[in-house]
Amino acid sequence: MTLPLSILDLATIGSGESVGDGLRNSVALAQHAEKLGYGRIWYAEHHNMPTIASSATSVLIAHVASQTESIRLGSGGVMLPNHAPLTIAEQFGTLETLHPGRIDLGLGRAPGTDQNTLRALRRDPSSAEGFPRDVQELQGYLSEHSIVSGVNATPGKGTGVPLYILGSSLFGARLAAALGLPYSFASHFAPDALQDAVAAYRSEFQPSEQLDEPYVIAGANVIAADTTDEANTDFQFVKRARLRLLAGRGRTFTDAEADALLDSPQGTSITNMVRYTAVGTADQVADYLDWFGKHADADELIVTHPSSRLANRLHSAELTAKAAGLNPR
Numbered sequence: 001m002t003l004p005l006s007i008l009d010l011a012t013i014g015s016g017e018s019v020g021d022g023l024r025n026s027v028a029l030a031q032h033a034e035k036l037g038y039g040r041i042w043y044a045e046h047h048n049m050p051t052i053a054s055s056a057t058s059v060l061i062a063h064v065a066s067q068t069e070s071i072r073l074g075s076g077g078v079m080l081p082n083h084a085p086l087t088i089a090e091q092f093g094t095l096e097t098l099h100p101g102r103i104d105l106g107l108g109r110a111p112g113t114d115q116n117t118l119r120a121l122r123r124d125p126s127s128a129e130g131f132p133r134d135v136q137e138l139q140g141y142l143s144e145h146s147i148v149s150g151v152n153a154t155p156g157k158g159t160g161v162p163l164y165i166l167g168s169s170l171f172g173a174r175l176a177a178a179l180g181l182p183y184s185f186a187s188h189f190a191p192d193a194l195q196d197a198v199a200a201y202r203s204e205f206q207p208s209e210q211l212d213e214p215y216v217i218a219g220a221n222v223i224a225a226d227t228t229d230e231a232n233t234d235f236q237f238v239k240r241a242r243l244r245l246l247a248g249r250g251r252t253f254t255d256a257e258a259d260a261l262l263d264s265p266q267g268t269s270i271t272n273m274v275r276y277t278a279v280g281t282a283d284q285v286a287d288y289l290d291w292f293g294k295h296a297d298a299d300e301l302i303v304t305h306p307s308s309r310l311a312n313r314l315h316s317a318e319l320t321a322k323a324a325g326l327n328p329r
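The opening position of the sequence shown corresponds to residue 1 in the UniProt record's numbering, with each subsequent residue numbered one higher.
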């Protein structure tokens with residue numbers, strides 16, 4: 001495999017683990033990924049989800065940056081409608097000032113949560129409608145040319161933190177193309193529009209100060225293990241966990257009940273969400289990612305290692321790195 005390889009870490013809080021455990025595990029994964037030669041690691045903004053600890057994305061990035069040396073770190077992404085662009089410029093301008101050349105800023109339009117939590121964040125559902133303008137305003141704060149007269153980000157101004165548009169639809173693809181920004185498609189959980197969105201982005205791309213040519217990052221899940229049986233067992237755990245998170249609604253399911261639901265028509269949406277998942281030994285995962293990179297017409301792959309335990313995630317990351325031919329640091 002010849003494409004650059006990066007990691008999306010959801011700061012998972014496993015069964016029986018505390019929030020602190022989940023955050024410490026993220027540090028361990030980042031340190032391991034840095035040694036293995038992964039290019040970057042991103043964290044996603046989610047709210048009111050009991051198994052995801054990356055809600056304060058910029059704070060987590062700052063902590064992980066202080067515990068690592070060279071790997072790029074960023075948001076995958078900040079859900080911009082939840083925030084004022086000036087605030088995000090100041091946060092990421094601070095990160096870039098403290099850790100120069102290591103910070104990315106991926107931006108999403110979705111709230112990353114449910115409607116009740118959106119209200120608790122003091123945001124209006126219509127905030128997403130201003131996403132294109134908010135991106136441009138943020139871009140101005142991080143450059144030398146704020147588009148808001150008399151308002152500058154300190155820190156932030158002149159840092160040039162690179163922006164990435166995240167999405168799972170044609171909207172994000174066309175916005176990234178119009179602004180001349182890299183585009184990251186969330187095919188690790190929303191696979192349906194992958195090829196159409198990438199095709200639209202590439203055909204409509206307009207060069208910008210940040211980027212001369214289109215650049216696509218595509219997401220996939222990876223569960224690599226020493227044997228295919230071990231990987232498949234872990235994959236079933238991941239699907240059960242996804243079902244409980246998204247369909248539980250206060251209910252608890254035994255493993256048998258979860259498996260029955262996954263095999264029913266109701267489970268089709270969960271199964272489809274993880275359509276792009278590499279499962280198996282290192283060689284099987286390498287073959288899959290090689291195929292997926294071509295299928296997605298990607299310039300870079302960003303993978304999640306959603307295995308059930310930290311040890312499994314670290315081992316999956318190691319097997320994948322070796323199979324992909326990454327250069328250890």
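Everything labelled a hint here was simulated from the structure, so no lab data went into it. Fair warning: this is a prediction, and the values are worked out from it, not measured in the lab. Even glycine gets a Cβ: it sits at the ideal position worked out from N, Cα and C. There's no promise every hint is true.
[To be verified] With a straight-line cut-off of 20 Å between C-alpha atoms, the simulated DMTMM-like cross-links for lysine to aspartate or glutamate are:
no., residue 1, residue 2
1, 35, 69
2, 294, 213
3, 157, 144
[To be verified] Derived Cβ-Cβ restraints for the label pairs, each shown as a range:
no., residue 1, residue 2, range
4, 263, 126, 22 to 30 Å
5, 255, 207, 48 to 56 Å
6, 133, 56, 22 to 30 Å
7, 233, 149, 53 to 61 Å
8, 136, 263, 40 to 48 Å
9, 98, 263, 24 to 32 Å
10, 114, 17, 18 to 26 Å
11, 264, 2, 22 to 30 Å
12, 101, 254, 44 to 52 Å
13, 327, 28, 14 to 22 Å
14, 252, 19, 18 to 26 Å
How the hints compare with the structure:
no.: 1; hint: 35 <-> 69; result: holds (10 Å)
no.: 2; hint: 294 <-> 213; result: holds (18 Å)
no.: 3; hint: 157 <-> 144; result: holds (6 Å)
no.: 4; hint: 263 <-> 126: 22 to 30 Å; result: violated (39 Å)
no.: 5; hint: 255 <-> 207: 48 to 56 Å; result: holds (52 Å)
no.: 6; hint: 133 <-> 56: 22 to 30 Å; result: holds (25 Å)
no.: 7; hint: 233 <-> 149: 53 to 61 Å; result: holds (59 Å)
no.: 8; hint: 136 <-> 263: 40 to 48 Å; result: holds (47 Å)
no.: 9; hint: 98 <-> 263: 24 to 32 Å; result: violated (49 Å)
no.: 10; hint: 114 <-> 17: 18 to 26 Å; result: holds (23 Å)
no.: 11; hint: 264 <-> 2: 22 to 30 Å; result: violated (40 Å)
no.: 12; hint: 101 <-> 254: 44 to 52 Å; result: holds (49 Å)
no.: 13; hint: 327 <-> 28: 14 to 22 Å; result: holds (21 Å)
no.: 14; hint: 252 <-> 19: 18 to 26 Å; result: holds (20 Å)
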